[in-house]
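Trainee: The chain contents come next:
Protein chains: 2
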Amino acid sequence: MRAMIIGAAGMLGAKLSTQIAQGAVPGITDLVLVDRIAPAPVPGLPCQCLAADLGAAGAAAELAALAPDLVFHLAAVVSGQAEAEFDTGYAVNLDASRALFEALRALETRPRVVFASSLAVYGPPFPDVVPEDFVLRPASSYGTQKAMVELLLADYSRKGFLRGTSLRLPTVSVRPGAPNAAASGFLSGILREPLAGQAANCPVPDVTRVWIASPDVTVAGLAHAAALDWDRIAPHPVLNLRGISVTVGEMLDALEQQAGPDARALVSRNPDPAIARIVQSWPEAFVTDTAAALDFPVNPDFPAILREYIDQYA
Amino acid sequence: MRAMIIGAAGMLGAKLSTQIAQGAVPGITDLVLVDRIAPAPVPGLPCQCLAADLGAAGAAAELAALAPDLVFHLAAVVSGQAEAEFDTGYAVNLDASRALFEALRALETRPRVVFASSLAVYGPPFPDVVPEDFVLRPASSYGTQKAMVELLLADYSRKGFLRGTSLRLPTVSVRPGAPNAAASGFLSGILREPLAGQAANCPVPDVTRVWIASPDVTVAGLAHAAALDWDRIAPHPVLNLRGISVTVGEMLDALEQQAGPDARALVSRNPDPAIARIVQSWPEAFVTDTAAALDFPVNPDFPAILREYIDQYA
Ligand SMILES: NC(=O)c1ccc[n+]([C@@H]2O[C@H](COP(=O)([O-])OP(=O)(O)OC[C@H]3O[C@@H](n4cnc5c(N)ncnc54)[C@H](O)[C@@H]3O)[C@@H](O)[C@H]2O)c1
Ligand SMILES: NC(=O)c1ccc[n+]([C@@H]2O[C@H](COP(=O)([O-])OP(=O)(O)OC[C@H]3O[C@@H](n4cnc5c(N)ncnc54)[C@H](O)[C@@H]3O)[C@@H](O)[C@H]2O)c1
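Here the protein sequences come in this chain order: A and B. Be aware that the first sequence starts at 1, since it is given in the UniProt record's numbering, and climbs by one per residue. Be aware that the second sequence starts at 1, since it is given in the UniProt record's numbering, and climbs by one per residue.
This is chain A alone, in the form it adopts within the complex:
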């Protein structure tokens, strides 16, 4: 079975490529890794590494022609950019996704498709814990685009054109590497930068509560969805992945415990109302009974999330 990862050079895509090459989805025998710039191959399975812009004319059809049995669709313009560049956001996050689903439909092989959606499909006002049947009411263009693609993928699946699952990922923290344009970027920066001896700014108050998961657990969730029997996934084409609900203050406490007060002292506290407004438009905790019943993985607590990062990068 051939797996294709689109957005494979991204933070989650690179980790997912590695996990799958190491057997995270049973039965996968070769990998096609796709991104705007060709991703690096990963050890463990034969890899085709392709440079392609999914939004370019004909690109989706060329990728579909490689006849993947399983496609992870992770290519996206992140929230900050989608808000600043309205047309780019719709072109990449909506139109390119639709082109992909159309090209896969034309294969007539009903490939499995795992789409990385986001809690940004929700918008305020929220109950303290968001139930699984809560309304889609995005407060951003990014969230609107993710919600539209979830709906589209569910309809393509219902019609039997493919076998799609949308997974709403928690905010991923601690994100390794360089900062990105996401409004949630500081939720990694306030840990990653101090651990590297660098200053970081926390633009929101300590009490700000967020819903997060570590990179490894998030990627394990994507692989888990693909490995589950389709019969178990089909009734749940759109799922909230499991996460933990934690305050920014608790995150900084864990930093101090694991890296000392000097690390915490590197975090300045200059409020940024624009960032605060976006982050506060996201819910703080979710019911994830369906994902739990389907045995999706979860982080035990924030100190464990921080240790995952320190073990790999610090």
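Worth flagging that the hints you see were computed from the coordinates, not collected in a lab. Since the structure is predicted, the reported quantities are computational estimates derived from the model, not experimental observations. Wrong hints could be hidden among the right ones.
One copy or two, it doesn't matter: identical chains are merged, so the pair holds either way.
Claimed, not checked - Straight line, CA to CA, 20 Å or less: simulated EDC-like cross-link-like pairs of lysine to aspartate or glutamate: (1) Lys-159 x Glu-284; (2) Lys-159 x Glu-108; (3) Lys-159 x Asp-133; (4) Lys-159 x Asp-231; (5) Lys-159 x Glu-85; (6) Lys-159 x Asp-229; (7) Lys-159 x Asp-87; (8) Lys-159 x Glu-83.
We have chain A already, so just place chain B with the ligands on it with the hints.
Mentor: Using the frame of chain A, we list chain B with the ligands on its own:
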């Protein structure tokens, strides 16, 4: 102020044209009526009557060039056709709507837009009464397309490109004229045909409960949304219109009361599992507190709905 009605030759569009020409939206001084085939003019206001396919290249821009201050977007492929013709459904219900919003955005005048959405954005399982913050989980391509357009219109409004409102109409009954391809068609046919001395079939059991409104009250709701101050509508860009929850048995009882047992006897009872499956995928009753607080109109009961039809058509 110029109002444009797209889909003006349709059942609701024709009634809306008449109501607006008679002053239902204060301040409207001229009308542009648009449909695939040019609609007939209505008495009371100057009318431009245009034949246009909203989905054709350039059509949306040509309509926007007429600089409407208010647009009612009622053009759609109905549920049965959207399910049978997947690509046509997306082309008309999604792509043409998006082309319209893009063309109106380019005007930079932030026109008011009232979009006719549907309870088909919801899917089972349902609580007995669907709350206002219930998940969008359509069970049809038509419902998927309506949900996607609601999301798009809300995002265009949030960005300040236009001032849009999506109204989820109850199933409209008693629909005058010829049967249409909607799965809900029998909910009018079982009344309209017997009142004209003709046979009709009811494909679902008496206990089937549906959420309906009369044509006049539905159209009055569309006009009401356009007439409300934008400040009152803006926080509610997507609204469930008010309806009544009634069983098919109660509808037939009202028919017998108002037109006699001979009329009821014209209704045969041959089950149609395909129709039953679609209708049972729709919810039976809604919370509509927001619409009530905004003074949207509502039918008092089903006998009143039937009388509206008999007074006008029978
Ligand atoms: N990281 C998070 O906190 C988080 C949370 C929720 C959802 N997600 C979603 O998960 C997915 C992956 O997230 P990530 O953090 O790895 O993001 P990332 O930005 O690191 O990776 C996205 C990758 O997609 C690629 N890409 C973008 N447009 C493309 C195009 N047109 N053609 C080909 N490739 C294209 C980019 O080059 C990039 O390598 C995204 O869809 C994102 O929206 C992420
Ligand atoms: N009637 C109901 O029970 C009901 C319920 C919920 C929502 N709605 C929605 O209300 C709207 C009007 O409903 P109706 O019952 O009057 O439907 P209708 O079919 O009578 O009218 C729709 C009109 O749109 C026109 N149209 C379709 N595609 C077009 C295109 N590409 N360009 C120009 N015109 C086009 C058709 O020619 C038709 O005259 C539709 O959007 C429908 O989905 C109706």
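Trainee: Quick one: which hint numbers does this structure break? Sort them smallest to largest.
Mentor: Violated hints: 1 and 3; rest satisfied.
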